Amino acid sequence: MTEEYPTIIIGAGIAGLACANWLHRAGRSVLLLEAADGVGGRVRTDVTPDGFRLDRGFQILLTDYPEARRMFDYGSLQLKAYESGAVIRLATGKETVLENPMHVPLAAFAALGSPIGTLKDKVLIAK
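Residue numbers (our numbering): 1 to 127.
Hints listed in this document are in silico derivations from the structure and should not be mistaken for laboratory results. Bear in mind the structure is a predicted one, so any value in this text is a computation, not a measurement. The reader is advised that the hints may include incorrect statements.
Derived lysine-lysine pairs resembling BS3-like cross-links, with alpha carbons at most 30 Å apart [what the hints assert, rightly or not]:
no.: 1; residue 1: Lys94; residue 2: Lys122
no.: 2; residue 1: Lys94; residue 2: Lys120
no.: 3; residue 1: Lys80; residue 2: Lys94
Put together the whole structure using the sequences plus the hints.
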């Protein structure tokens with residue numbers, strides 16, 4: 001027996017998932033195809049064998065977008081706000097913090113002395 005779908009969506013990234021969601025809500029039968037071993041595309045979270053969560057891609061949700069407000073129930077998502085920046089573990093095991101200089105302007109000076117990146121990288125970022 002062959003099933004027929006009026007709509008086939010190629011790719012289960014954020015756009016494919018959103019499209020499938022809207023069409024399903026509208027009562028359409030949808031087939032969503034994804035080549036990878038999981039959904040989310042460039043915005044996905046993998047869990048390593050030891051339980052560590054590894055976020056891929058750009059993990060920022062701007063909650064003021066009208067389309068996002070229509071699509072998501074923010075109350076059920078248990079969203080959390082985090083300070084912008086990164087904690088990086090070096091090969092030595094030591095951790096270093098890179099703060100966002102747009103939020104902490106003096107952090108730009110600390111970043112110059114950071115072991116992360118070359119001098120050329122830092123000059124290019126400063127431009």
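Here is what the structure says about each hint:
1. Lys94 x Lys122: holds (21 Å)
2. Lys94 x Lys120: Holds, at roughly 23 Å.
3. Lys80 x Lys94: Judged against 30 Å, a Cα distance of about 27 Å means the pair holds.
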